[in-house]
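Enquirer: Sequence:
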Amino acid sequence: MFKRSFLIVSLLLVACLPALSGRVEAAEPLAVSSPDGKLTISFALKANPQPYLPGLRAYYRVSYGTTLIVSDSPLGLDFLGTSALDQDFEVVRTDRQKHDSTWENHFGAQRTVPDRYNQLTVSLRERRAPGRRMDVIFRAYNEGVAFRYFLPKQEAIEKFALASENTGFYFAHDATAYALNMGRFNTHNEGEYLPIKLTDIKPVSIINLPLLVQVLGGPWVALLEADLNDYAGMYVGGVAGIPNALISKLSYPPRKRDLADTLSTGEYNKLEQPVLGTTPKATPWRVLMVAPTPGRLIETNYLILNLNPPCALADTSWITPGKAAWDWWVGGYATNVDFKPGMNTATMKHYIDFAAAHHLPLMLIDGGWSSAGDPGSDGDITKSTPEIDLPEILSHAKQKGVKVMLWVDYRPLNKQIDEAFALYEKWGMAGIKVDSMNRDDQEMVNYYQQWVRKAAEHHLTVDLHGAFKGTGLCRTYPNLLNREAVMGMEYSKWSQRVTPEYDVTLPFTRMLAGPMDYTPGGFRNTARGQFKINDPLPYTQGTRAHQLAAYVVYEAPLVMVSDYPEAYQDGLGIEFIEKVPTVWDETKVLSGEVAKYIVTARQKGKNWYLGAMTNWDPRDVAIPLSFLGSGEYEAQIFADGADADKVATSVSVTRKRVRSGEKLAVHLASGGGVAIIFTPAGR
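Numbers in my numbering are just positions in the sequence shown, counted from 1, shifted up by 147.
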């Protein structure tokens with residue numbers, strides 16, 4: 148008995164020796180699993196054969212149940228002027244943590260947000276001099292996995308210029324992706340998410356995030372990033388010689404040609420690197436959301452928020468989400484009015500009157516109100532043009548109970564930010580729409596942080612246009628209500644690209660990164676084959692019920708009511724727009740297929756709201772009502788009219804008593820939809 152006990156104690160001591168000596172051999176993978184045990188992300192130091200790079204390198208892999216999703220994928224950072232930090236490591240320390248909490252999101256799609264994960268930190272050190280150190284932090288949530296690099300403060304790395312981040316995403320099986328391929332860095336991130344096999348993504352490709360991946364015979368995976376702060380935005384490209392493999396690419400800054408003749412070659416090269424920094428330094432999170440269905444990814448996109456710091460604002464009561472009247476879509480058109488429509492005081496007051504009459508809390512005055520009236524202009528954003536009497540407009544809005552937001556170009560904003568924000572607060576403005584950035588290099592990322600932080604100091608909300616995709620900043624600064632980074636309905640003014648098929652692709656792709664300013668509400672709806680381009684008075688593709696459903700399907704705490712006031716005079720549909728909320732207590736995606744259709748239900752208080760949209764294929768859908776509470780509900784149904792496949796403005800408005808557990812049969816016309824309000828009976 149003594150000998151056996153001695154042996155057990157000896158083995159325990161041997162097992163502890165590496166940690167006690169400050170060095171952990173990592174021949175066996177280190178792993179961490181999600182709280183429900185379904186997802187596992189593991190780490191190992193390996194010397195893999197070709198086509199992998201030679202040497203002992205750091206790799207991670209991800210599995211979902213018994214399915215390997217991501218096989219050995221490299222980790223590493225490459226610096227300007229010194230060797231890459233990507234091989235010949237030893238593990239010097241590991242740390243494990245658990246976290247289980249919830250937090251309240253008053254400005255999103257899910258009021259009570261679960262935040263549960265298990266975390267593993269692996270501390271690495273180069274075996275060779277100068278012995279640089281790097282931590283890799285892994286988190287496993289039920290909703291997905293995430294990891295980031297952390298460079299501790301150290302003499303071997305103080306100031307640095309990061310040339311690239313060599314993070315791989317080597318999918319283990321054949322897979323099809325839905326990808327936004329803008330083909331370059333620094334764009335407005337507006338385009339179609341088209342199906343492509345991972346094997347067809349080339350090393351020269353520059354693919355935007357989010358990227359939706361359907362693993363053959365396995366789950367759905369979305370690749371995103373979170374907590375993008377003082378860093379460059381991430382894209383991905385293919386890997387030569389390895390099928391289904393992707394590698395990170397960081398956005399480069401725009402070339403500073405005016406400095407090329409005044410700086411040394413070394414100084415200029417540093418300006419051309421994606422990231423300049425000092426230690427300690429954490430990178431953004433690299434995120435793989437994982438779910439058995441694409442709809443479940445939509446329900447759990449709060450994972451991106453969880454990976455950001457908590458709210459930095461002590462008081463958020465002043466933040467005003469909601470629907471906004473908007474002059475840009477058809478601001479130069481009106482009927483039966485005694486003024487010439489356009490960017491003038493009379494038109495803005497007309498839109499404010501419309502907002503007040505239909506219980507819209509906001510009015511967004513777009514470009515043209517100041518001398519900085521066009522994207523790229525460099526005017527004064529503290530003074531209005533002679534055609535705009537801002538004091539009169541603001542006084543009129545206050546009398547009507549409507550708050551006003553103003554469009555600004557980012558260039559004059561950067562020059563006048565303190566003066567402008569103080570003035571806007573004095574005027575009683577609700578917020579600003581910042582436009583024309585079209586970049587996600589490190590400098591621009593830092594501008595975003597500065598704008599939303601300073602806007603919050605002056606009680607201003609922010610809507611970002613010409614923007615990069617969401618990375619969860621709206622958790623830390625919830626005054627950031629929305630951003631574009633989407634080919635929205637504005638494209639119908641000059642193209643045929645915004646189709647019903649595109650509309651039902653967006654929720655499964657771009658919307659995984661958070662709110663998107665698609666700007667729905669067009670009421671000149673056209674059936675298939677009837678659409679025509681008409682910039683001054685634009686049309687939309689698909690039915691009116693399809694447009695109404697977008698107010699539920701699309702996540703947008705701040706959302707436009709895009710058409711001109713007289714377009715809503717027939718009343719068919721405006722009642723739903725008046726009633727539908729923009730922030731929610733709960734979200735459920737009841738069914739859907741990427742690029743085909745979607746059915747989404749969202750709860751606010753005791754009421755539920757449902758939106759269903761289809762592509763050009765008509766379809767009959769039996770909607771399960773299990774999401775409803777007990778008792779009877781009255782359903783107010785705004786559906787495609789019987790002739791909506793030919794007359795897209797046709798809407799049928801009916802009422803019906805329903806209960807949880809039943810199924811509600813609806814017909815969606817070609818390019819159609821349905822929007823429903825469920826109210827507990829007797830209210």
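These aren't lab readings, by the way, just hints derived from the structure by calculation. If you're wondering where the values come from, they're calculated on a predicted model, not measured in any experiment. A hint or two may mislead.
To be verified - Listed below are the simulated DSS-like cross-link pairs for lysine-lysine, each with C-alpha atoms no more than 25 Å apart in a straight line:
1) 496 to 428
2) 185 to 735
3) 428 to 530
4) 793 to 753
5) 562 to 545
6) 640 to 487
7) 428 to 487
8) 573 to 547
9) 573 to 679
10) 562 to 530
11) 726 to 545
12) 679 to 428
13) 753 to 735
14) 753 to 803
15) 545 to 573
16) 496 to 530
17) 573 to 562
18) 793 to 640
19) 679 to 640
20) 601 to 640
21) 573 to 496
22) 803 to 735
23) 735 to 810
24) 726 to 496
25) 743 to 547
26) 545 to 487
27) 726 to 810
28) 530 to 601
29) 344 to 306
30) 679 to 751
31) 803 to 751
32) 530 to 545
33) 810 to 751
34) 726 to 601
35) 245 to 185
36) 344 to 743
37) 300 to 344
Enquirer: Hints first: check each against the structure and report whether it holds.
Expert: Comparing the hints with the structure gives:
Proximity of residue 496 to residue 428 is assessed by CA-CA distance (about 50 Å); at most 25 Å being required, the pair is judged violated. Distance restraint check for residue 185 and residue 735: the Cα-Cα separation of roughly 21 Å lies within the 25 Å cut-off, and the hinted pair is therefore satisfied. Of the pairs offered as hints, the one joining residue 428 and residue 530 is violated, with about 41 Å between alpha carbons and a cut-off of 25 Å exceeded. Straight-line distance between C-alpha atoms of residue 793 and residue 753 comes to about 36 Å, which puts the hinted pair past the 25 Å bound.
Our distance criterion of 25 Å between C-alpha atoms is broken by residue 562 and residue 545, whose separation comes to about 29 Å. The suggested pairing of residue 640 with residue 487 holds, with an alpha-carbon distance near 21 Å, which does not exceed 25 Å. As the CA atoms of residue 428 and residue 487 are separated by approximately 56 Å, the hinted pair breaks the 25 Å bound. Between residue 573 and residue 547 the CA atoms are separated by roughly 19 Å; this keeps the pair inside 25 Å, and the hint holds.
Taken as a hint, the residue 573 and residue 679 pair is broken in the structure, with Cα atoms around 44 Å apart against an allowance of 25 Å. For the proposed pair residue 562 and residue 530, the alpha carbon gap of about 14 Å is at most 25 Å, so the pair holds. For a cut-off of 25 Å, the pair hint linking residue 726 to residue 545 stands: about 22 Å separates their Cα positions. Only pairs whose Cα atoms come within 25 Å are accepted, and residue 679 paired with residue 428 is rejected, the gap being roughly 52 Å.
For the given pair, residue 753 sits about 15 Å from residue 735 by alpha-carbon distance, which is consistent with the 25 Å threshold. With a C-alpha separation of about 17 Å, the suggested pairing of residue 753 with residue 803 holds against the 25 Å cut-off. The straight-line distance between the Cα atoms of residue 545 and residue 573 is roughly 13 Å, inside the 25 Å bound, and the hint therefore holds. A threshold of 25 Å between alpha carbons decides the hint, and for residue 496 with residue 530 the separation of about 18 Å falls inside it, so the pair holds.
Taking the CA atoms of residue 573 and residue 562, the gap is about 19 Å. The hint holds against a cut of 25 Å. Of the pairs offered as hints, the one joining residue 793 and residue 640 holds, with about 22 Å between alpha carbons and a cut-off of 25 Å not exceeded. Simply put, residue 679 and residue 640 have alpha-carbon atoms about 9 Å apart, close enough for the 25 Å limit, and the pair holds. Proposed proximity of residue 601 and residue 640 is contradicted: the alpha carbons are some 34 Å apart, above 25 Å.
The suggested pairing of residue 573 with residue 496 holds, with an alpha-carbon distance near 20 Å, which does not exceed 25 Å. Between residue 803 and residue 735 the alpha-carbon distance is near 21 Å, which keeps this suggested pair within the 25 Å criterion. Of the pairs offered as hints, the one joining residue 735 and residue 810 holds, with about 16 Å between alpha carbons and a cut-off of 25 Å not exceeded. As the CA atoms of residue 726 and residue 496 are separated by approximately 23 Å, the hinted pair is consistent with the 25 Å bound.
Distance restraint check for residue 743 and residue 547: the Cα-Cα separation of roughly 42 Å exceeds the 25 Å cut-off, and the hinted pair is therefore not satisfied. A C-alpha spacing of about 24 Å is found between residue 545 and residue 487, which places the hinted pair at or below 25 Å, so the restraint holds. Between residue 726 and residue 810 the CA atoms are separated by roughly 24 Å; this keeps the pair inside 25 Å, and the hint holds. Between residue 530 and residue 601, the direct Cα distance comes to roughly 20 Å. Compliance with the 25 Å bound is thereby established for this hinted pair.
Note on residue 344 and residue 306: the hinted pairing is violated, with a Cα-Cα distance of about 40 Å set against a maximum of 25 Å. Under the criterion of a C-alpha separation no larger than 25 Å, the hint pairing residue 679 with residue 751 is inconsistent with the structure, at around 37 Å. Taken as a hint, the residue 803 and residue 751 pair is honoured in the structure, with Cα atoms around 20 Å apart against an allowance of 25 Å. Taking the CA atoms of residue 530 and residue 545, the gap is about 20 Å. The hint holds against a cut of 25 Å.
With a CA separation close to 21 Å, the supplied pair residue 810 and residue 751 stays within the 25 Å bound. For a cut-off of 25 Å, the pair hint linking residue 726 to residue 601 is broken: about 32 Å separates their Cα positions. Taking the CA atoms of residue 245 and residue 185, the gap is about 16 Å. The hint holds against a cut of 25 Å. For the given pair, residue 344 sits about 19 Å from residue 743 by alpha-carbon distance, which is consistent with the 25 Å threshold.
For the suggested pair residue 300 and residue 344, the alpha carbons sit about 41 Å apart, so the restraint of at most 25 Å is broken.
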